[in-house]
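This is what each chain is made of:
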Amino acid sequence: MENNIKMSSSPHIRSRVTSANIMLCVTIALLPASAFGVWNFGLPAFIMLLSTTVSAVLTEYIYEKLMHRKVTINDFSAVVTGLLLGLNMPASAPWWMGALGSVFGILVVKQLFGGLGQNFMNPALGARCFLLISFTGQMTTFIYDGVTGPTPLAMLKDGQSVDSMKMLVGTIPGTIGETSVIAIIIGAIFLILIGAIDLRIPGTYIVTFVIFIGIFGQFSNANVGFFDVQYITAHLCGGGLMLGAWFMATDYVTSPITKRGQLVYGALLGILTGLFRLFGGSAEGVSYAIIISNLFVPLIEKVTLPKPFGKGGEK
Amino acid sequence: MNKCTERLFNGLVKENPTFVLMLGMCPTLAVTTSAINGVGMGLSTTVVLVLSNMLISMLRKIIPDSVRMPAFIVVVASFVTIVQFLLEGFVPSLYDALGIYIPLIVVNCIILGRAESYASKNPVIPSIFDGIGMGLGFTVGLAAIGVVREIIGSGKAFGFQLLPLADSATGKAGFVPVTIFILAPGAFLVLAGLTALQNKVKRNAARKGKKPVETASCGEGCASCTNSACGGKVFPAGNEKE
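Chains as they are written, first to last, in this note's numbering: chain A, 271 to 585; chain B, 805 to 1046.
Everything labelled a hint here was simulated from the structure, so no lab data went into it. One or more hints might be untrue.
[Said to hold, decoys possible] Result set (DSBU-like, lysine-lysine): computed pairs, CA atoms no more than 30 angstroms apart in a straight line:
#  : chain 1 : residue 1 : chain 2 : residue 2
1  : B       : K807      : A       : K335
2  : A       : K529      : A       : K572
3  : A       : K335      : B       : K960
4  : B       : K818      : B       : K865
5  : B       : K925      : B       : K865
6  : B       : K807      : B       : K818
7  : B       : K1012     : B       : K807
8  : B       : K960      : B       : K807
9  : B       : K807      : B       : K1004
10 : B       : K1012     : B       : K960
11 : B       : K1006     : A       : K340
12 : B       : K925      : B       : K818
13 : B       : K1006     : B       : K807
14 : B       : K1004     : A       : K335
15 : A       : K340      : B       : K925
16 : B       : K865      : B       : K960
17 : B       : K865      : A       : K340
18 : B       : K1012     : B       : K865
[To be verified] Computed far set for chain A versus chain B, every beta-carbon distance over 12 angstroms:
#  : residue
19 : A305
20 : W309
21 : M367
22 : L382
23 : D433
24 : S434
25 : K436
26 : V439
27 : G473
28 : G495
29 : I502
30 : R530
31 : K572
None of these values were measured; they are calculated from a predicted model. We treat Cβ as the ideally placed atom computed from N, Cα and C, and that holds for glycine.
Model the full structure from these sequences, guided by the hints.
Structure (structure tokens):
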């Protein structure tokens, strides 16, 4: 009889949602974009994705073995980092560049700061910016159908017109995972349906961005009017905005935990991205916008701390 | 170990200004884009440090305590001006590379720090050796950072092409420089990496049963000591030798 009474301290009820579950879902959600990237860019894209993912997992494993820490490669977070970095690389870059980026992202940005949950910026984006600064030439050369061409965003910046339909489907030059808006949206809908992410950050991000581009687009490009629909559509479908908004800005570790904070964070992202795209030196600015906003997250959380019930009010 | 060699050892290893005291970070991060710039900056600072330590130590009984900072600055600034003109006259390429960081040696915290914590309290000869030790420690630190950044960032060491570069035009395989290392972020990465490395080496040496590095050759009492990591453990308050 007494064997039926199980004595233990709290917690007694555990959620079935774990980091590993969530990260596995994110990996699945990234598969449409990856598959489209491989179809779009061919074998080099596959090799790049494989190299970034494998080297991210290997780096995590070797570091944790050397440091006698618990090996955490089973939680899929390294896979997500590697895959995201791969999706952010041009297919024409050599595979070792992706591997180097993965090593930097996992080792310097993630593990040296204490591993999963402690990193101060998104490891995949940290690695991308590391590569972007180091190998500017290879990282901004996009070869599509054997021709080196400018991305739609670069053409927009030059004042040329672009085909928004092609940008929606994704048959344009760009990094492996960013070209197809449809494939990214499929993954994002999956994540929203299972509840892994909510609309708060990506929603505010995109709305703020649209407002910013709508108002200030005319100052960057003389042919664009106030809230020019075509121009805004092209900016929404072009570059890494969709991939960044749905998959990288929503990273649990590097986004605010408070609900009001998430709105502030999304708005900051939208403004920074618009600022970099319209008035910056390069055509793209999503990755810099996200890592800069990552650095503001502790401050945002501090300001938007919710008041406990009963505190404040009339005295 | 006599007093002079002890000061040299102190500056080079025990209290290395770059990797242990973390002083003079501004020139450390800014000018170490190549090994030669690091060595140039280190040696210019060494010259100023030795001369200012010597003069301040000579004047230590004349300078009133309340105006010692302006007095130190005047001494240091005079020597920096001399060094600046010498560099401009004889090594103009280094002068151009170091730029604003030569006049800024005046406010380099290593120099003022040594003047304040050592030279103004100790005789001339040990002060000179303290300056040599600290200066060489700084030079070694800058040169180490500069060499690492130059090799990774451009495949060179002291201006010689160490690793053959890849050439995309002719398809020649070779080393592709990681440009970030000769830009600002690389300075932070390399400084942190080398500091971690020297901590590891020192800790291993301490574990092997050598004398703990932090407390080695501390014979001066806490007043003249700059080792804040010790925290008065070696000579607890009230037991100082002075």
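We went through each hint and held it up to the structure:
no., hint, result
1, B/K807 / A/K335, "violated, 45 angstroms"
2, A/K529 / A/K572, "holds, 12 angstroms"
3, A/K335 / B/K960, "violated, 34 angstroms"
4, B/K818 / B/K865, "holds, 29 angstroms"
5, B/K925 / B/K865, "holds, 9 angstroms"
6, B/K807 / B/K818, "holds, 14 angstroms"
7, B/K1012 / B/K807, "holds, 26 angstroms"
8, B/K960 / B/K807, "violated, 39 angstroms"
9, B/K807 / B/K1004, "holds, 27 angstroms"
10, B/K1012 / B/K960, "violated, 36 angstroms"
11, B/K1006 / A/K340, "holds, 27 angstroms"
12, B/K925 / B/K818, "holds, 20 angstroms"
13, B/K1006 / B/K807, "holds, 22 angstroms"
14, B/K1004 / A/K335, "holds, 18 angstroms"
15, A/K340 / B/K925, "violated, 52 angstroms"
16, B/K865 / B/K960, "violated, 49 angstroms"
17, B/K865 / A/K340, "violated, 60 angstroms"
18, B/K1012 / B/K865, "violated, 44 angstroms"
19, A305, "holds, 30 angstroms"
20, W309, "holds, 27 angstroms"
21, M367, "violated, 8 angstroms"
22, L382, "violated, 9 angstroms"
23, D433, "holds, 30 angstroms"
24, S434, "holds, 33 angstroms"
25, K436, "holds, 29 angstroms"
26, V439, "holds, 31 angstroms"
27, G473, "holds, 33 angstroms"
28, G495, "holds, 39 angstroms"
29, I502, "holds, 34 angstroms"
30, R530, "holds, 32 angstroms"
31, K572, "holds, 25 angstroms"
In the structure shown, a violation is registered for the earlier hints numbered 1, 3, 8, 10, 15, 16, 17, 18, 21 and 22, in ascending order.
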